[in-house]
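Using UniProt numbering, read the sequence shown as starting at 1 and increasing by one per residue.
A few of these clues could be false.
[As the list claims (entries may be wrong)] For each label pair, taking beta carbons as the anchor points, the in silico distance ranges come out as: (1) Lys39 - Ser204: 19 to 27 Å; (2) Gly88 - Glu191: 37 to 45 Å; (3) Ala118 - Tyr203: 30 to 38 Å; (4) Lys227 - Gln45: 32 to 40 Å; (5) Lys267 - Lys109: 16 to 24 Å; (6) Tyr270 - Glu191: 41 to 49 Å; (7) Arg40 - Gly177: 18 to 26 Å; (8) Asp223 - Asp70: 18 to 26 Å; (9) Ser55 - Asn79: 13 to 21 Å.
[Unchecked claim] Computed list of lysine-lysine pairs in BS3-like fashion (alpha-carbon distance at most 25 Å, straight line): (10) Lys39 - Lys165; (11) Lys109 - Lys37; (12) Lys133 - Lys109; (13) Lys165 - Lys227; (14) Lys267 - Lys165.
Think of the hints as simulated: they come from the structure by calculation, not from any bench.
All C-beta atoms, glycine included, are put in the ideal place defined by N, C-alpha and C.
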Amino acid sequence: MLTFHPNPLKPWQPSVPAKIVNTLNEGKNTQQSSAGKIKRLVLPQEGRTKLNTYSDRDFYAYPRFVTHVDGGFISTLTNLYRERLRPGWEILDLMSSWVSHLPEEVAYKRVVGHGLNAQELAKNPRLDYFFVKDLNQEQDLELESCSFDAVLCTVSVQYLQQPEKVFAEVFRILRPGGVFIVSFSNRLFFEKAISAWRDGTGYSRVQLVVQYFQCVEGFTQPDIIRKLAAPAGAGEDKSPFSWIMKLLGLLSGSDPFYAVIAYKNFKPTYE
Numbered sequence: 001m002l003t004f005h006p007n008p009l010k011p012w013q014p015s016v017p018a019k020i021v022n023t024l025n026e027g028k029n030t031q032q033s034s035a036g037k038i039k040r041l042v043l044p045q046e047g048r049t050k051l052n053t054y055s056d057r058d059f060y061a062y063p064r065f066v067t068h069v070d071g072g073f074i075s076t077l078t079n080l081y082r083e084r085l086r087p088g089w090e091i092l093d094l095m096s097s098w099v100s101h102l103p104e105e106v107a108y109k110r111v112v113g114h115g116l117n118a119q120e121l122a123k124n125p126r127l128d129y130f131f132v133k134d135l136n137q138e139q140d141l142e143l144e145s146c147s148f149d150a151v152l153c154t155v156s157v158q159y160l161q162q163p164e165k166v167f168a169e170v171f172r173i174l175r176p177g178g179v180f181i182v183s184f185s186n187r188l189f190f191e192k193a194i195s196a197w198r199d200g201t202g203y204s205r206v207q208l209v210v211q212y213f214q215c216v217e218g219f220t221q222p223d224i225i226r227k228l229a230a231p232a233g234a235g236e237d238k239s240p241f242s243w244i245m246k247l248l249g250l251l252s253g254s255d256p257f258y259a260v261i262a263y264k265n266f267k268p269t270y271e
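Modelling step: build the complete structure from the supplied sequences, incorporating the hints.
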């Protein structure tokens, strides 16, 4: 069974609510959806491989208190959350870190975080609880079915070796009408990203995530949001030093923003 850790930044949190505690291994029945089944596998076996085959838990054992995307990406993502997430919702932040991209002014009923480094998750000010789990080793989320209004996955989908199973689990734990928002850019730990992602382009990576949604029965047709970097030469530093930095791949301009969004069973409308 998963261990849920209360966020030490919120010392007055009550004990972990029963709603987010797993009951699958306790002989109790949980509500099951007739959909959420994997219709087909998206990736061939070679597309799931990584250059660094050592344990992900070991790779992420040391906390990285850095931001993995630039301010423009973060601002765009926060605005997207402001538009798509409702106050009072229960949210799972999948493959999270020490940084929250949720709008500060919006109050949610509960935000649960997941990741591979407890020290990072403990620093995330928006998480009420968090748990540590390697989704490449075990995809079961051990959370009750239909218990979250939204699931978020930020700049991490490229590391999933069994994305079909993870997306099916997300479908299971979402309430009907719940939303799954997957966002990413062009940055990655190259040695830890799967081959299908490493070898792709911005367009092909978007289509790959779309296929992850489409391979699970019951998700709506995904919405796609793109915000690409400024055209080459716009406000560009043309100094020799800048040219050398770009040649070495150390200066690439603003981060492109991609998001793929789908809902469980139907897309709700709000007044």
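Hints, verified against the model:
Distance hint check: the CB atoms of Lys39 and Ser204 are about 21 Å apart, consistent with the given range 19 to 27 Å. Separated by about 41 Å at the C-beta atoms, Gly88 and Glu191 satisfy the suggested range of 37 to 45 Å. The hinted range of 30 to 38 Å is satisfied by Ala118 and Tyr203, whose Cβ atoms lie roughly 36 Å apart. With their beta carbons about 33 Å apart, Lys227 and Gln45 fall inside the hinted range of 32 to 40 Å.
For Lys267 paired with Lys109, a C-beta distance near 21 Å keeps the hint of 16 to 24 Å intact. The hinted window of 41 to 49 Å between Tyr270 and Glu191 holds, with their beta carbons roughly 42 Å apart. Between Arg40 and Gly177 the beta carbon distance is about 25 Å. The supplied range of 18 to 26 Å therefore holds. Restraint check, Asp223 to Asp70: a C-beta distance of roughly 23 Å satisfies the suggested window 18 to 26 Å.
The hint said 13 to 21 Å for the Cβ distance between Ser55 and Asn79, and at roughly 36 Å that hint is violated. About 11 Å separates the Cα atoms of Lys39 and Lys165, which keeps this hinted pair within 25 Å; it holds. Only pairs whose Cα atoms come within 25 Å are accepted, and Lys109 paired with Lys37 is rejected, the gap being roughly 29 Å. With a C-alpha separation of about 23 Å, the suggested pairing of Lys133 with Lys109 holds against the 25 Å cut-off.
In summary, the hint linking Lys165 to Lys227 is not supported, as the alpha carbons are separated by about 28 Å, beyond the 25 Å threshold. This hinted pair checks out: Lys267 and Lys165 have alpha carbons roughly 22 Å apart, not beyond 25 Å.
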